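Colleague: One letter stands for each residue in the lines below.
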Amino acid sequence: KAGVTQTPRYLIKTRGQQVTLSCSPISGHRSVSWYQQTPGQGLQFLFEYFSETQRNKGNFPGRFSGRQFSNSRSEMNVSTLELGDSALYLCASSLTLQTSGANVLTFGAGSRLTVL
Amino acid sequence: AQSVAQPEDQVNVAEGNPLTVKCTYSVSGNPYLFWYVQYPNRGLQFLLKYITGDNLVKGSYGFEAEFNKSQTSFHLKKPSALVSDSALYFCAVRDGGGSYIPTFGRGTSLIVHP
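Chains as they are written, first to last, in the working numbering: chain A, 91 to 206; chain H, 31 to 144.
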């Protein structure tokens, strides 16, 4: 059974540019969540998608957006990149919404973004 | 509302010794508690969870965690540490009484010395 796949694994951008990250969840998982991981802040929740709709959103500015496709694959986009956006971006999938029950998350290996 | 704290940024232990990684939480309702581990250049992997029932929960790789309601704690333990257990450990909590996304702790780096 394939795990959660994130692409690209590493990328370098400059301030002001935009970036798109991709996530393919485990087959059968309909929920995809995105997290930002930094040494200082730990794991911060960005948003969760389920059935192509954003169901939950964390406390991030509008520069951070996402979408989910009919096959449950998801993308997140960050526009007008800032130095502080340098982080590991993790995607996690689960069978159902995180806000119902005690779902276990399966994480991808992450996309490490460096903003220069 | 919910919150979780991992009071130690780093835990050092000798191989073969028992290890404990601490986690305390705050929720209004009943807690759902989780432990995840992150190895270098990898995503987080699920270790174990507590929903209800027995206070001692057994998980992957020989890890276990003890739920203590009076102390609002959910410490991760292992009787005998291995060098390969060296990793970053995250505790997470979700208030089962509400529609909240689980909150993760800031993580504890476990270093097991040979």
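I should point out that these hints are in silico values taken from the structure, not numbers from a laboratory. Here the structure is a predicted model, which means the values were calculated and not measured. We put the beta carbon where it would ideally sit given N, CA and C, even for glycine. Treat the hints with care, as some may be off.
[Unchecked claim] Taking CB as the label site, the calculated pair distances span: (1) H:Thr50 x A:Lys103: 27 to 33 Å; (2) A:Ala192 x H:Ala31: 30 to 36 Å; (3) H:Ser139 x A:Lys103: 25 to 31 Å; (4) A:Arg157 x H:Glu45: 30 to 36 Å.
[Stated by the list, open to error] Straight-line alpha carbon distances no greater than 25 Å define the calculated SDA-like cross-link-like pairs of lysine to any residue that follow: (5) A:Lys147 x H:Leu86; (6) A:Lys147 x H:Tyr91; (7) H:Lys79 x H:Thr138; (8) H:Lys79 x A:Ser160.
Colleague: Compare the structure with the hints numbered earlier in the document and write down the numbers of the violated ones, lowest to highest.
Modeller: Violated hints: 1, 2, 4, 5, 6 and 8; rest satisfied.
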